[in-house]
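Sequence lines, in order, name chains A and B. Okay, so the first sequence: first residue is 64 according to the numbering used here, each after it adds one. Okay, so the second sequence: first residue is 17 according to the numbering used here, each after it adds one.
In short, the hints are calculated from the structure, not lab data. Each hint should be verified, as a subset may be incorrect.
Claimed, not checked - Computed beta-carbon distance windows for the label pairs:
1) THR372/B - VAL120/A: 46 to 56 Å
2) VAL120/A - ASN364/B: 44 to 54 Å
3) ASP136/A - VAL71/B: 21 to 31 Å
4) PHE95/A - VAL71/B: 44 to 54 Å
To be verified - Straight-line C-alpha distance at most 20 Å; calculated SDA-like pairs for lysine to any residue:
5) LYS211/B - GLU175/A
6) LYS161/B - THR169/A
7) LYS202/A - ALA414/B
8) LYS75/B - ASN149/A
9) LYS163/A - PRO292/B
10) LYS161/B - ARG204/A
11) LYS408/B - ALA198/A
12) LYS154/A - THR166/B
13) LYS408/B - TYR197/A
14) LYS161/B - GLU164/A
15) LYS202/A - LYS408/B
16) LYS421/B - VAL211/A
17) LYS408/B - GLU164/A
18) LYS163/A - LYS161/B
19) LYS161/B - GLN174/A
20) LYS380/B - GLU217/A
21) LYS202/A - GLU294/B
22) LYS211/B - LEU179/A
23) LYS163/A - VAL296/B
24) LYS75/B - ASN146/A
25) LYS82/B - TRP213/A
26) LYS161/B - GLU186/A
Positions of the beta carbon are idealized from the N, C-alpha and C atoms, including for glycine.
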Amino acid sequence: MSSENEFKQQVRKLYNKLIVAFCMIGIAVFGFIYIVLNPSIFAEKPEENTLISVPNVDGEIKDGIHVATGFIDDEGLTEVIQNCTNCHSSKLVTQNRMTKEGWIATIRWMQETQNLWDLGNQEETIVNYLSTNYAPQKKGRREVLTNVEWYVLED
Amino acid sequence: MKRRNFITKGTLGAFSALLGTEIVFGQTIPLGYRPLALQDPDPFKLFQKGSDMTVLNNKPWNIEAKAHLLDDKITPNKFMFIRNNGLIPENVDVNNWSLIIDGESVQKSKTYTLAELKSKFRQYTYQLTLECGGNGRSEFNPPAKGNQWTIGAVSCASWTGIRLKDVLEDVGIKEDAVYIGYHAADVHLSRNPEKETISRGVPIPKALQDETLLAFQMNGKDIPLAHGYPLRLIAGGWPASASGKWVNRLSIRNKVHDGAKMMGTSYRVPCEPVAPGEKVADEDMCIIESMPVKSLITYPKSGAMIKQGQSLTIRGHAWAGELEVSKMEYSIDFGATWTSCTIKKPTNRLAWQHFTTKISNFPKKGYYEVWARATDSVGTSQPMLLPGWNPKGYLNNACHRIAIKVV
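Build out the structure end to end from the sequences listed, making use of the hints.
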């Protein structure tokens, strides 16, 4: 009787071991197929949010200028950095001068043709920031020459 | 996130779904985008540009020269402006580069490898003036949107390639052909692969000119990547955006090409003149063709101080789009009087022309400006003031001037 029990116990143990072994083989095969189908999972990959990378809005402000972007420090700076520097450089903003109407028209053009998203309730802040800090200056029909670096020209 | 997907779906069907997302992911993520070279933060090293060049924009790259940097008769790469609408193509595979000719008005669509183009057709070399349509935009009032070019978005390099007309003849184009439109390998700023960055072109008569090239070389070497390697359409004398870089397809159209940046305010100006700041409807805008007459004083650099009695040598270049420059003048009294100087004939049609002269009549000590004015072969001169305002600030061909002090 006791030897029969012992035998049954051994069979059960063996049976359990076999199940564990089969499960491990199953997992290994499954894992192997997954790796074969997704060879890149061990490759280093940028964080998924690089797709729409959120630019660094922190950073030094020096003489009223956000050093990393060159933007004027004012209300709306963060929203402008976050929404306007994903596709193009901040330089495309800072070299332009437009009225409120002009900035809105530019935003609409980018939304219609350049895949810019809906700015939602941030649009007003952004437009105010741009039209305040990057407003047109009157230039007349021809400007005076400025920033001339004088030097002696020998004969 | 991926592992969770994997566990929850857990079937072989989910693999393909995962694989599907992988592909899309791979296209949009700038994973393959960052070849080491293009990450170089120093554009001067990256593009081998002179350190005095001005970077207007680093995404996309837009870089211009200054007048005194353009003193060479043939513009070297280091002083050639870069104008990009999108991102420079990555991983250009020159061995597998081909050019497809298609469109409504092609007899039969045809594909040439780069090697075929180089071996099958005779090659020509021309010096060709390329000026950005928006060169001088920064001066317009009210200001015009875009990169604020001053005077340095112009060049005249020596381009080597095959005549587009020879290729078109080999392919065969139908009689109803109106326009050719290029397609290229650059990447849209939004990284949307469905979007073309820029796809412009020229009418058939311009395409058939001897000087309109499919170029492989600039100044005797492979075209630098930023300027269109390995194949660039060159249509000298027209806005440089007509000279498509990284070209891999040309469409022979039976209508005016309607690719990206052919419509709206892009490279178009009001058909009839408008008051500064006026709104212009799309249908009242016309495509810019030949660029207007213009000139630059490339020596000396503005700001020269000379002694009284010392004479001043000036030199520079003048160009006139499709036309030739027939007269060159300068003024040291803000246009009250003009003095003519010799202008050389162009090396070939559409090359810029050179002038040089000696000024020795500064009447007394003081501040002067030397103004230069070119006149084209039909008698049209450069204006001293800004020419007609237009929404995107194109075609500013106002006279160039430099500041001089006699001490």
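Indices of hints not satisfied (ascending): none
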